[in-house]
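Protein chains: 2
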Amino acid sequence: MTRLKDIAEVAGVSIRTVGRALKGEGYVEAGVRERVLGAARSLDYRPHRLARSLRTGRSQEVLVLAGGIGGQYDELHIAKIAGMERTLRAAGMSLGLLFGIESEARRAGRDVLDELIARRPAGLALFASPTLPATATARRLDQARVPYVFFDTRESDVDTVRHDRSGGIRESVRWLAGRGHQRIAYVGPTDERSRLDGYLEALKTLGREPLIVPGSADWETARAAAPALMALKPDAVQVYSDILALGLLAGLHEMGVRVPKDIAVVGFDDRFAASLSYPPLTTLQQSNEAMGAAAAAILIAKSRDEVAPPGGWSRTLPMSLVIRAST
Amino acid sequence: MTRLKDIAEVAGVSIRTVGRALKGEGYVEAGVRERVLGAARSLDYRPHRLARSLRTGRSQEVLVLAGGIGGQYDELHIAKIAGMERTLRAAGMSLGLLFGIESEARRAGRDVLDELIARRPAGLALFASPTLPATATARRLDQARVPYVFFDTRESDVDTVRHDRSGGIRESVRWLAGRGHQRIAYVGPTDERSRLDGYLEALKTLGREPLIVPGSADWETARAAAPALMALKPDAVQVYSDILALGLLAGLHEMGVRVPKDIAVVGFDDRFAASLSYPPLTTLQQSNEAMGAAAAAILIAKSRDEVAPPGGWSRTLPMSLVIRAST
DNA sequence: TTGTATGCGTTATCAA
DNA sequence: TTGATAACGCATACAA
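Residue numbers (our numbering), protein chains in the order written: chain B, 8 to 334; chain E, 8 to 334.
None of these hints come from the bench; they were simulated from the model.
Just so you know, these numbers come straight off a predicted model, no measurement behind them.
A hint or two may mislead.
Not everything, but these chain B residues come out facing chain E in the computed CB check (under 7 Å) [stated by the list, open to error]:
no., residue
1, Leu50
2, Leu57
3, Ser60
4, Leu61
5, Arg62
6, Ile85
7, Ala89
8, Glu92
9, Ala97
10, Ser101
11, Leu102
12, Phe106
13, Glu109
14, Trp182
15, Tyr285
Straight-line distance between alpha carbons at most 30 Å, and here's what the computed DSSO-like set of lysine-lysine pairs gives [to be verified]:
no., chain 1, residue 1, chain 2, residue 2
16, E, Lys268, E, Lys240
17, B, Lys30, B, Lys309
18, E, Lys12, B, Lys268
19, B, Lys268, B, Lys211
20, E, Lys12, B, Lys12
21, B, Lys211, B, Lys240
Incomplete in silico selection of chain B near chain E, CB under 10 Å [said to hold, decoys possible]:
no., residue
22, Leu70
23, Phe134
24, Leu259
C-beta atoms are modelled at their ideal positions from N, C-alpha and C, and glycine is treated no differently.
Work out the full structure, taking the sequences as your base and the hints as a guide.
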């Protein structure tokens, strides 16, 4: 483990000159610079990250807070995390991961945020969760001058990366209409507005009446909703999520309804499971890696004290339709 | 951000005494100890991890190397990582995550392992991948005195946590037989011995002839294998993985074969998708969080220079059957 | 153009 | 039982 001091000795200069030569800043005589760089290379020098961070007062590590929501670990999350990590590493930074720390802290009566801030991370990426008050959290992090970014918050006053859910659904419904489907229904909870709004807007543009089966919240209730759906005599259905879409598929199977012959089904999320169902599910894909990369880019910029772009830091990413056999 | 120095000033003692009092080591007068602890609490002291690591020469961070295998991120991986992180955090350590660094380094002609070792991690957890030579890697890490553990290596001479795949399949086949199934088949690649061996052993114990449909490697080929399977007239089938089992379900649907009425289907892995299929899939569950916790425990012990238990560090975890509607 | 010296917050050595 | 003080490796203010 070579140190600057070792390079200095080999190159016959002071440690300060080594620093300058390696950073390429200030005045260093060409010959000296060559000698230093050569010594560094032959000694296989790598800066000691901890020492650097201690000195500069800034860790190079971004912390990711992943809520272990009911112990269900999400392949959508890991793709985002991977996207972040790649981007951070390219910028010389690294990624630390924490799970379900909020709920644990609440049980223990401690305050998570203080602990996280105390670790002086280069940035904080937070997965929105019902147990984490986004706005209040964002304000405290701003105050502590810790760069942060949320994934998929609904709150509009925090910096976040999200997908254009409305736009995705709108495109999907238009695409179904373009393929000749006349009665396009929607199955899913109606308290999440963005997806439902996309559906309503698209139908309005098309001049059609909405056909909505509200209330489904999981695989089982979606399965049970199949008869209610078919009572509307639809020839296509946009579902709130892949999980619900797969539940609906099960219900349709049981009723003897053939997919896509009798009805086309479109999901939302592009989970791994969507490619494994019978039939494989056409669905709206989140570009999770891109989302992670975007989040990382925001944190990198913030940590370099760059000024926010005119529209603010938040980014909205487009979704795309993955066409499989259910349509 | 209070430092030891701040506590020392408030408590009116030297910084050294503060250190002793907080660690509870050496001789500190009871009254002084109380004063120091009180000051630490009221100042909300938290040790500076970086400074500590710099001084002790050991980082408290375990690095996890997750191969981004073809860009497919795995919910099985993230559960393991979550299990690790929880255990590490309880031991005062943390977790850093790196993706697909091997393939990137190979492209760039650099050596990953040296870079990782240069970061002086408290430990290294590696997901086995075809591109990472486990034995050679383990030897180099041993030499560099970096604690390591693999997930699911086939190599027997490296420290690893794995699941008892043979045992899991054996139990599953016995369970099927116990439920009255007479002709229990196996679908999957035959070059992975552990699962196939479990099947063969169980059938041998039962005194029955094996019914094997070899060769399937993905959803599509498993789907195509349905007719070949049914030609064997089985009344139950153990499949190599959930992915293949779901492909097989699709093929059986297309043939009009009813599951579980005509044939019972058992998968392997307990992916999220297994709970979302029609019918939901009975499958062998890996205890991924437990696996992560076991890996973390090994790294913690190694990093404390504990001596390996008689059988070595490696651990084999049992699998369990999750019974759903496909049986 | 180059070098000396200091400090980041901890731990640890040695002396008092 | 306690306290000065050095050192970990790096970055940098200040001198030369």
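Each hint tested on the structure:
no. : hint                : result
1   : Leu50               : 12 Å, violated
2   : Leu57               : 5 Å, holds
3   : Ser60               : 5 Å, holds
4   : Leu61               : 5 Å, holds
5   : Arg62               : 10 Å, violated
6   : Ile85               : 4 Å, holds
7   : Ala89               : 5 Å, holds
8   : Glu92               : 5 Å, holds
9   : Ala97               : 10 Å, violated
10  : Ser101              : 6 Å, holds
11  : Leu102              : 5 Å, holds
12  : Phe106              : 5 Å, holds
13  : Glu109              : 13 Å, violated
14  : Trp182              : 24 Å, violated
15  : Tyr285              : 4 Å, holds
16  : Lys268/E - Lys240/E : 13 Å, holds
17  : Lys30/B - Lys309/B  : 22 Å, holds
18  : Lys12/E - Lys268/B  : 75 Å, violated
19  : Lys268/B - Lys211/B : 26 Å, holds
20  : Lys12/E - Lys12/B   : 28 Å, holds
21  : Lys211/B - Lys240/B : 19 Å, holds
22  : Leu70               : 9 Å, holds
23  : Phe134              : 12 Å, violated
24  : Leu259              : 9 Å, holds
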